[in-house]
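*Asks:* Listed below are the residues making up each chain.
There are 2 protein chains.
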Amino acid sequence: MVSNIKNYMAELGSKARRASRKMASASTQQKNQTLFAIAKHLELQSEALLNANKKDMNAGVEKGLDAALLDRLELTPARIDSMIEGLKQVASLSDPIGEINGMKYMPSGIQVGKMRVPLGVIGIIYESRPNVTIDAASLCLKSGNATILRGGSEALHSNQAIAACIYAGLEEIGMPLDAVQVVSTTDREAVGELITMPEFVDVIIPRGGKGLIERISRDAKVPVIKHLDGICHVYVDDRGDLEKAAKVAFNAKTQRYGTCCTMETLLVHEAVAADLLPSLAALYQEQNVELRGCPKTIAAIAGAVEGVIAATEEDWSTEYLAPVLSIKCVDSMDTAIEHINQYGSHHTDSIITEDYTRSRQFITEVDSSSVMVNVSTRFADGFEYGLGAEIGVSTDKIHVRGPVGLEGLTSEKYVVLGDGHIRQ
Amino acid sequence: MVSNIKNYMAELGSKARRASRKMASASTQQKNQTLFAIAKHLELQSEALLNANKKDMNAGVEKGLDAALLDRLELTPARIDSMIEGLKQVASLSDPIGEINGMKYMPSGIQVGKMRVPLGVIGIIYESRPNVTIDAASLCLKSGNATILRGGSEALHSNQAIAACIYAGLEEIGMPLDAVQVVSTTDREAVGELITMPEFVDVIIPRGGKGLIERISRDAKVPVIKHLDGICHVYVDDRGDLEKAAKVAFNAKTQRYGTCCTMETLLVHEAVAADLLPSLAALYQEQNVELRGCPKTIAAIAGAVEGVIAATEEDWSTEYLAPVLSIKCVDSMDTAIEHINQYGSHHTDSIITEDYTRSRQFITEVDSSSVMVNVSTRFADGFEYGLGAEIGVSTDKIHVRGPVGLEGLTSEKYVVLGDGHIRQ
Numbered sequence: 275m276v277s278n279i280k281n282y283m284a285e286l287g288s289k290a291r292r293a294s295r296k297m298a299s300a301s302t303q304q305k306n307q308t309l310f311a312i313a314k315h316l317e318l319q320s321e322a323l324l325n326a327n328k329k330d331m332n333a334g335v336e337k338g339l340d341a342a343l344l345d346r347l348e349l350t351p352a353r354i355d356s357m358i359e360g361l362k363q364v365a366s367l368s369d370p371i372g373e374i375n376g377m378k379y380m381p382s383g384i385q386v387g388k389m390r391v392p393l394g395v396i397g398i399i400y401e402s403r404p405n406v407t408i409d410a411a412s413l414c415l416k417s418g419n420a421t422i423l424r425g426g427s428e429a430l431h432s433n434q435a436i437a438a439c440i441y442a443g444l445e446e447i448g449m450p451l452d453a454v455q456v457v458s459t460t461d462r463e464a465v466g467e468l469i470t471m472p473e474f475v476d477v478i479i480p481r482g483g484k485g486l487i488e489r490i491s492r493d494a495k496v497p498v499i500k501h502l503d504g505i506c507h508v509y510v511d512d513r514g515d516l517e518k519a520a521k522v523a524f525n526a527k528t529q530r531y532g533t534c535c536t537m538e539t540l541l542v543h544e545a546v547a548a549d550l551l552p553s554l555a556a557l558y559q560e561q562n563v564e565l566r567g568c569p570k571t572i573a574a575i576a577g578a579v580e581g582v583i584a585a586t587e588e589d590w591s592t593e594y595l596a597p598v599l600s601i602k603c604v605d606s607m608d609t610a611i612e613h614i615n616q617y618g619s620h621h622t623d624s625i626i627t628e629d630y631t632r633s634r635q636f637i638t639e640v641d642s643s644s645v646m647v648n649v650s651t652r653f654a655d656g657f658e659y660g661l662g663a664e665i666g667v668s669t670d671k672i673h674v675r676g677p678v679g680l681e682g683l684t685s686e687k688y689v690v691l692g693d694g695h696i697r698q
Numbered sequence: 275m276v277s278n279i280k281n282y283m284a285e286l287g288s289k290a291r292r293a294s295r296k297m298a299s300a301s302t303q304q305k306n307q308t309l310f311a312i313a314k315h316l317e318l319q320s321e322a323l324l325n326a327n328k329k330d331m332n333a334g335v336e337k338g339l340d341a342a343l344l345d346r347l348e349l350t351p352a353r354i355d356s357m358i359e360g361l362k363q364v365a366s367l368s369d370p371i372g373e374i375n376g377m378k379y380m381p382s383g384i385q386v387g388k389m390r391v392p393l394g395v396i397g398i399i400y401e402s403r404p405n406v407t408i409d410a411a412s413l414c415l416k417s418g419n420a421t422i423l424r425g426g427s428e429a430l431h432s433n434q435a436i437a438a439c440i441y442a443g444l445e446e447i448g449m450p451l452d453a454v455q456v457v458s459t460t461d462r463e464a465v466g467e468l469i470t471m472p473e474f475v476d477v478i479i480p481r482g483g484k485g486l487i488e489r490i491s492r493d494a495k496v497p498v499i500k501h502l503d504g505i506c507h508v509y510v511d512d513r514g515d516l517e518k519a520a521k522v523a524f525n526a527k528t529q530r531y532g533t534c535c536t537m538e539t540l541l542v543h544e545a546v547a548a549d550l551l552p553s554l555a556a557l558y559q560e561q562n563v564e565l566r567g568c569p570k571t572i573a574a575i576a577g578a579v580e581g582v583i584a585a586t587e588e589d590w591s592t593e594y595l596a597p598v599l600s601i602k603c604v605d606s607m608d609t610a611i612e613h614i615n616q617y618g619s620h621h622t623d624s625i626i627t628e629d630y631t632r633s634r635q636f637i638t639e640v641d642s643s644s645v646m647v648n649v650s651t652r653f654a655d656g657f658e659y660g661l662g663a664e665i666g667v668s669t670d671k672i673h674v675r676g677p678v679g680l681e682g683l684t685s686e687k688y689v690v691l692g693d694g695h696i697r698q
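Protein chains in written order, with this note's numbering: chain A, 275 to 698; chain B, 275 to 698.
Among the hints, a few may not be true.
All copies of an identical chain are treated as equivalent in the list; a pair is satisfied when it fits inside any one copy or across any two copies.
[To be verified] Computed cross-link-like contacts, DSS-like style, restricted to lysine-lysine with a CA-CA straight-line distance of at most 30 angstroms:
1. Lys-484 <-> Lys-280
2. Lys-289 <-> Lys-362
3. Lys-296 <-> Lys-280
4. Lys-378 <-> Lys-280
5. Lys-495 <-> Lys-280
6. Lys-570 <-> Lys-337
7. Lys-495 <-> Lys-296
8. Lys-518 <-> Lys-362
9. Lys-362 <-> Lys-329
10. Lys-495 <-> Lys-484
11. Lys-289 <-> Lys-378
12. Lys-378 <-> Lys-521
13. Lys-289 <-> Lys-314
14. Lys-518 <-> Lys-378
15. Lys-495 <-> Lys-521
16. Lys-388 <-> Lys-329
17. Lys-378 <-> Lys-362
18. Lys-314 <-> Lys-570
19. Lys-289 <-> Lys-495
20. Lys-329 <-> Lys-518
21. Lys-521 <-> Lys-388
22. Lys-388 <-> Lys-280
23. Lys-388 <-> Lys-484
24. Lys-388 <-> Lys-518
25. Lys-328 <-> Lys-314
26. Lys-388 <-> Lys-570
27. Lys-570 <-> Lys-362
Because the hints were derived from the structure by calculation, they are not lab data.
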């Protein structure tokens, strides 16, 4: 039990700050060896991990957590294997730290460039999935940051058991033990402290439901890299290839319902609505996707399928995360772009068109972290973008936008070389 | 007079948001033409500008503003010329917006890259210098952002007169008039509103004294790009060339006293203190620089000059912005680096050394926005770094670090191209 949360968190913070200095100059080899050592300890301790998780699961059942939550909370041998794989994969990524770019001579004779450096201390606040402890720790380690992890209270035993493996790995390689710290209290005040210690914490990354993230953004005194809504659109242009349109629109909705890059609203140029929508609506209905359409959509679909609900104003700004799709007919690409910028969440939006000029205009004018042409929105993902790993998706514009990989956890400093140069 | 500040600011904000959408897709030519048009109107209206400024100056004298403040407030024909030159110079910079980088094919067949885009709406809060109105407006314009400018109350008439020239320029080229808005009330509540409207403002850049910046950072609900202290160091290594050392250390302190990249503390390896310090101290004293030293420094200088004061603990973390210098002898580069990371402000720090390995270690381990080898700290400046212009210097690590030019006012979005690609 932690009696004084404020002091406890300040101590974690000041330890993390000290560790971050050492982490910043750790070699690539040291960091990779640590990731492999942690993987080894996860493997050695898998029994202990499963037992700790059992305690959390039993408590969760007693508390009446719902099935989805319990599923996210559960550790299985397969899930432990996948954490181990994840560690090895992060080790295989190239080290962003220390990379020097663009060293150029200036008229004064000095040579100026930029070197990539860690952010320092990263606070991560997440909910029930214990695997986030490893995902987050490994990415922060590889990017030379110290991290303070605050997982969900329902996963406390699991997270502590995982933390023990992380410490064992750090110790084995001689890295600072405070490079990764897992908050050991479930007191909510700990979160309040973590997000208001700019002297110790450089950035907060919250992962979880929208409520959590909004609360943290509102109260934080530290920059927050966050993801709010994923209200993503596919717009089928009248110059689009309708076969591609149907394929992409079906995939963007049905490949997975619960992700942030799943399409929530389909926009269709009214000139192609009658050709596209009836057969596409039938496909959705086979998958039990509930359809909510504007009047023109309903008219276009009427003969093909039944039960299309009239969409309300609220539908256009709703992230269903479920087998529900709103469909709207628009009279031009301009109207589609306006709709996306107004009702969307600036996450991921795709146009289906074969028109060169329109593709360029869509890319320029849609204000989203990912803009796509003839691609399913479901590709908006760090792995698909070649980042190698992902700590989250940012819907902010400051610092990092879209899927956040190792580089999103870094900054750059100027490096200036000379030979006794003085300013005139 | 503005009666309801909250509504007034929200209206500015929502107008800025709308204008920012149009600004984001303005062509390079439109933006440059606007900059030239504003320059023309400044020239045509120079009489009116001087008259408006006279009102501010008279009110300032009446209010008893000190000479330094009045100097900053004053507009002269030469200063108007320099604003005009500044506009032309920003027009000559290459346009960062729309640049697409790194388009690469992924294993899935999609092609992924990044496009540079404006941040959106930038709020700038500054004090008495009216030329900031033009500097800030021109950089925001060129980077495709809308901006809300809140200058000092003592410069209100000058800023309004400059604003009139900006509006005339925007109008002449057919750009959205709300792309640049100057807050027309001096009510302090306006600042409080500006920094707490995340729905309308994407980033705040405060320029001014430390008090202003701390207050804004503390209260803002919008990301802040800020500069706090500039406690910069030169460390003279025992493997440094002492001629270069003396030249750089003298320049870093005396070339200008009041800038954020002026050296405030000189660190000297004790093995070279006796060789370097006596003659260097004499040079400083010729310039009436007050010296505050550690005991070893005082001992080393004793024979050469008199009146060296004993430095206190406080001196090591003081930004003098004045002809005062603290000097400390250290027993190794490691101690120097530790001192810099602990007492410095992570701004700009330079080592004087001819040693290859030490230069690399200093660059890696010093956690500052600019790390230098054999260069005067006075070079830490957007113009000297080739940015073409500077809206400020960031001592943060998030988003942008060091001198902030046009690129610091932008973000990147992902561009994804395909041919009907769907996720498996």
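*Asks:* The structure should be examined with respect to each hint, and the outcome stated for every one.
*Replies:* Quick rundown of the hints versus the structure:
1. When the C-alpha separation of Lys-484 and Lys-280 is checked against a cutoff of 30 angstroms, the pair qualifies both within a copy, at 26 angstroms, and between copies, at 27 angstroms.
2. With identical chains, the CA atoms of Lys-289 and Lys-362 are at most 30 angstroms apart within one copy only, with a shortest distance of 27 angstroms there and 50 angstroms across copies.
3. When the C-alpha separation of Lys-296 and Lys-280 is checked against a cutoff of 30 angstroms, the pair qualifies only within one copy, where the shortest distance is 25 angstroms, while the shortest distance between copies is 47 angstroms.
4. In the homo-oligomer, the alpha carbons of Lys-378 and Lys-280 never lie at most 30 angstroms apart, since the shortest distance is 47 angstroms inside one protomer and 47 angstroms across protomers.
5. Taking the shortest alpha-carbon separations for Lys-495 and Lys-280, both the intra-copy value of 15 angstroms and the inter-copy value of 23 angstroms come in at or below 30 angstroms.
6. For the homomeric pair Lys-570 and Lys-337, neither the shortest alpha-carbon distance inside one copy (48 angstroms) nor that between copies (66 angstroms) is at most 30 angstroms.
7. In this homomeric assembly, Lys-495 and Lys-296 come within 30 angstroms of each other (Cα to Cα) only inside a single copy, at 25 angstroms, whereas the closest approach across copies is 32 angstroms.
8. For the identical chains of this complex, Lys-518 and Lys-362 are neighbours neither inside a copy (37 angstroms) nor across copies (48 angstroms), given an alpha-carbon limit of 30 angstroms.
9. Taking the shortest Cα distances, Lys-362 and Lys-329 sit within 30 angstroms of each other inside one copy (28 angstroms), while across copies they are farther apart (68 angstroms).
10. In this homomeric assembly, Lys-495 and Lys-484 come within 30 angstroms of each other (Cα to Cα) both inside a single copy, at 19 angstroms, and across copies, at 18 angstroms.
11. Proximity of Lys-289 and Lys-378 under a CA criterion of 30 angstroms is satisfied in neither setting, with 38 angstroms inside one chain copy and 41 angstroms between copies.
12. Taking the shortest alpha-carbon separations for Lys-378 and Lys-521, only the inter-copy value of 23 angstroms comes in at or below 30 angstroms, while the best intra-copy value is 48 angstroms.
13. Proximity of Lys-289 and Lys-314 under a CA criterion of 30 angstroms is satisfied intra-copy only: 26 angstroms inside one chain copy versus 57 angstroms between copies.
14. Taking the shortest alpha-carbon separations for Lys-518 and Lys-378, only the inter-copy value of 22 angstroms comes in at or below 30 angstroms, while the best intra-copy value is 46 angstroms.
15. In this assembly of identical chains, the alpha carbons of Lys-495 and Lys-521 never lie at most 30 angstroms apart, being 45 angstroms within a copy and 42 angstroms across copies at closest.
16. Taking the shortest Cα distances, Lys-388 and Lys-329 never come within 30 angstroms of each other, neither inside one copy (49 angstroms) nor across copies (45 angstroms).
17. With identical chains, the CA atoms of Lys-378 and Lys-362 are at most 30 angstroms apart between copies only, with a shortest distance of 24 angstroms across copies and 36 angstroms within one.
18. Taking the shortest alpha-carbon separations for Lys-314 and Lys-570, neither the intra-copy value of 59 angstroms nor the inter-copy value of 51 angstroms comes in at or below 30 angstroms.
19. Proximity of Lys-289 to Lys-495 under the C-alpha cut-off of 30 angstroms is found in both arrangements, the shortest distances being 19 angstroms within a copy and 28 angstroms between copies.
20. For the identical chains of this complex, Lys-329 and Lys-518 are neighbours neither inside a copy (49 angstroms) nor across copies (66 angstroms), given an alpha-carbon limit of 30 angstroms.
21. When the C-alpha separation of Lys-521 and Lys-388 is checked against a cutoff of 30 angstroms, the pair qualifies only between copies, where the shortest distance is 25 angstroms, while the shortest distance within a copy is 44 angstroms.
22. In this homomeric assembly, Lys-388 and Lys-280 never come within 30 angstroms of each other (Cα to Cα): the closest approach is 37 angstroms inside a single copy and 42 angstroms across copies.
23. In this assembly of identical chains, the alpha carbons of Lys-388 and Lys-484 lie at most 30 angstroms apart only when taken from different copies (27 angstroms versus 36 angstroms within one copy).
24. In this assembly of identical chains, the alpha carbons of Lys-388 and Lys-518 lie at most 30 angstroms apart only when taken from different copies (24 angstroms versus 43 angstroms within one copy).
25. In this assembly of identical chains, the alpha carbons of Lys-328 and Lys-314 lie at most 30 angstroms apart only when taken from the same copy (21 angstroms versus 74 angstroms across copies).
26. In this assembly of identical chains, Lys-388 and Lys-570 lie within 30 angstroms of each other by CA distance neither inside one copy nor across copies; the values are 54 angstroms within and 36 angstroms between.
27. Taking the shortest Cα distances, Lys-570 and Lys-362 never come within 30 angstroms of each other, neither inside one copy (52 angstroms) nor across copies (51 angstroms).
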